[in-house]
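Work out the full structure: start from the sequences and follow the hints.
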Amino acid sequence: MTTTSTAFLREKMEEGWNRPPVIAPEGEGELLEIAMGPHHPSTHGVFRMDLALDGERVVRLKPVFGYLHRNHEKIAEQISYLASMPYTDRLDYICSLTNNWAYALAVEKLTGQEVPERAEYIRVILAEFTRIQNHASAIGFLIQEMGASGTPLMYAFKEREKILDLFETLTGSRMMCNYMRFGGCRVDVSAAWLEEARKVVAGLPRFIDEFENLLSGNEILMARCQGVGILRPELAVNAGITGPMLRGSGVNYDIRKVDHYGIYDRFKFRVPLGDHGDVYDRYMVRILEMRESITILNQALKEIPGGPVMDPKAKIRGFRPKPGEAYGRIEAPKGELGFYLISDGGPNPYRYRVRPPSLVNLTVLEDMCLGSDVADVVLIFGSVDIVLGEVDR
Amino acid sequence: MKTVEEIKAAIEAAVPGAVVEIVLNPSPSGQHSLRLAPGHAVEVAQFLRDDAELALDFLSNVTGVDWPDKEITEKVKVTRTVMKTVDGVEQQVEETVDEARKRVVPGYLEVVYHFFSMAKKHGPVVLRMRTVNRTDQVELPSLTPIWRSAEFQEREIFDLYGVVFTGHPDLRRLLMWDGFKDHPMRRDYVDPDDYEYEPTAHDAVLARAAAHKAAQQSASPEGTGVGQ
Chain U
50 MTTTSTAFLR EKMEEGWNRP PVIAPEGEGE LLEIAMGPHH PSTHGVFRMD
100 LALDGERVVR LKPVFGYLHR NHEKIAEQIS YLASMPYTDR LDYICSLTNN
150 WAYALAVEKL TGQEVPERAE YIRVILAEFT RIQNHASAIG FLIQEMGASG
200 TPLMYAFKER EKILDLFETL TGSRMMCNYM RFGGCRVDVS AAWLEEARKV
250 VAGLPRFIDE FENLLSGNEI LMARCQGVGI LRPELAVNAG ITGPMLRGSG
300 VNYDIRKVDH YGIYDRFKFR VPLGDHGDVY DRYMVRILEM RESITILNQA
350 LKEIPGGPVM DPKAKIRGFR PKPGEAYGRI EAPKGELGFY LISDGGPNPY
400 RYRVRPPSLV NLTVLEDMCL GSDVADVVLI FGSVDIVLGE VDR
Chain S
26 MKTVEEIKAA IEAAVPGAVV EIVLNPSPSG QHSLRLAPGH AVEVAQFLRD
76 DAELALDFLS NVTGVDWPDK EITEKVKVTR TVMKTVDGVE QQVEETVDEA
126 RKRVVPGYLE VVYHFFSMAK KHGPVVLRMR TVNRTDQVEL PSLTPIWRSA
176 EFQEREIFDL YGVVFTGHPD LRRLLMWDGF KDHPMRRDYV DPDDYEYEPT
226 AHDAVLARAA AHKAAQQSAS PEGTGVGQ
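Keeping their order, the protein sequence lines are chains U and S.
Throughout, my numbering is defined as the position within the first sequence, counted from one, plus 49.
Throughout, my numbering is defined as the position within the second sequence, counted from one, plus 25.
Simulated from the structure, these hints should not be mistaken for lab results.
Backbone N, C-alpha and C define an ideal beta-carbon position, used for all residues, glycine too.
Any given hint could be a false lead.
[Stated by the list, open to error] Subject to a maximum C-alpha distance of 30 Å in a straight line, what follows is the list of computed BS3-like cross-link-like pairs (lysine-lysine):
# : chain 1 : residue 1 : chain 2 : residue 2
1 : U       : Lys317    : S       : Lys145
2 : S       : Lys95     : S       : Lys109
3 : S       : Lys127    : U       : Lys306
[Unchecked claim] Label-pair restraints from in silico Cβ distances:
# : chain 1 : residue 1 : chain 2 : residue 2 : range
4 : U       : Val71     : S       : Met26     : 36 to 42 Å
5 : U       : Arg255    : S       : Asp207    : 44 to 50 Å
6 : U       : Ala363    : S       : Glu120    : 50 to 56 Å
7 : U       : Asp99     : S       : Asp161    : 47 to 53 Å
8 : U       : Arg68     : S       : Pro63     : 21 to 27 Å
Okay, structure coming up:
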């Protein structure tokens, strides 16, 4: 790992190294200022980038947020702890189960609740399924933006649909799962569900092999992705980038390995790292992470014990944590998803804060895009993998 | 990892003049925090990042918290002299009564930082800073020059809480639009009756039409002639 050495930081600090560089336009004439978005098809929602172009070259890029802002945090401060659980589904609506887990984890830290063994296994299984379907669709979208209209995305969605069917059987909803509870899970999984899950997992390696055969060595994909949108590890660490973007830059930091939250210390898996920090490395890290998720799933589905999924004595109504505060975080598919809660002893949180990985990962968007062509901006933006429901909250 | 007491001692040894106070957290999470006087915040931040043992190179989360003015009612024992009729004679008697007194604890805005170390893989270290009050002295030093990850999160706090971060390179509203006046995450924020209302050109046209109509009616009381 390339760590940020003190000497490096001291030396570079005076130059303002962690700010986006100022690019002088070449040649004569005025810069072309365009607003890319908020309804541009590549922005995955409503998001705007104010670009200044010198010919085809980007010389300034300012992201503009807030089109989907609904003040999720304020709403959560006015309702009970449990009532926020369905709202967390709507943050990153592709991965509602990891959002549930992050919130449940923060509340469990605040109250000191224990989670039964079986529930921990179910959480891991669902989180890894979520990671696979998120990475598959993220890659599908990325390649769609490259111009491969539809086909790779449909391959990804075909597999995602099987996983969403599993979610639907278990939780009643494909995307808005609202499944985890403080101290466990809402309902138990059946033996038939586990059997079905094993079947889906058994089919996944074949899907990833097929996906990779089509894409990884593809000449167009390599030409468009390699050496584009390079993010240096020093800047990635300084800018708080997390998730596949950080590991694509070669920094070995996976919260599953660092915090060992849940029961991640029981599983054997590797953390894939990139070397160049370009779009291709981020694509490759996601592919490899899917493969590691399959090994975790295989272990978890084999070892899952019996028992309750929730402490039957756990207090659900009149839930009032003692005064105090807690910050809980997990490795969501997009990066570090954290919840910070302050309790004043009342039924509602005094302060409820979401640390969104998507928003913080966009900090370096300008740095990665400056100097490249407009067509690459779409690609670099796609490789960050954001969901606007989480950016704007 | 070092405990909060050790971190406090390390900061005070490295940055002379830094005022650090330990804030204990009674919850089972055990995440105690350090309150920092804003005066030396940037030097302390630089020390936390560059210190070989702490190496807090990763600023994960920046949060604003609003603590409004609190009115506390206290019972105070008061001794006073009153005129009372004792045994048929009116005389001065001293008596002690409980009196409720109200005291206003001034509010403030607080910013909480959660740090981790990617190099040493430890954390979190929690730092907090507070403003003097909630109205006119709301400046705090920005940590964005030291950790870039604070850039958008501090902008969000400026937007939703109204904390002004001095030294921030690009302090604009992040989520609300530029013409917005209030800070919605404050506890005393009152939302408008009509979110959709915006003064449009259409309103001006309607106002002019109303004035025109009134002028016409006063000029010809019999009516405008339409429909006669």
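These are the hints, each one checked on the structure:
1. U:Lys317 x S:Lys145: holds (22 Å)
2. S:Lys95 x S:Lys109: violated (38 Å)
3. S:Lys127 x U:Lys306: Not OK: Lys127 of chain S and Lys306 of chain U at ~52 Å, beyond 30 Å, violated.
4. U:Val71 x S:Met26: 36 to 42 Å: At 39 Å between Cβs, range holds.
5. U:Arg255 x S:Asp207: 44 to 50 Å: About 55 Å separates the Cβ atoms of Arg255 of chain U and Asp207 of chain S, which means 44 to 50 Å is violated.
6. U:Ala363 x S:Glu120: 50 to 56 Å: holds (53 Å)
7. U:Asp99 x S:Asp161: 47 to 53 Å: At roughly 32 Å between Cβ atoms, Asp161 of chain S and Asp99 of chain U fall outside 47 to 53 Å, so the hint is violated.
8. U:Arg68 x S:Pro63: 21 to 27 Å: Taking Cβ atoms as reference, Arg68 of chain U and Pro63 of chain S lie about 23 Å apart, which means the hint holds.
Of the numbered hints stated above, those contradicted by the structure are hints 2, 3, 5, 7, listed in ascending order.
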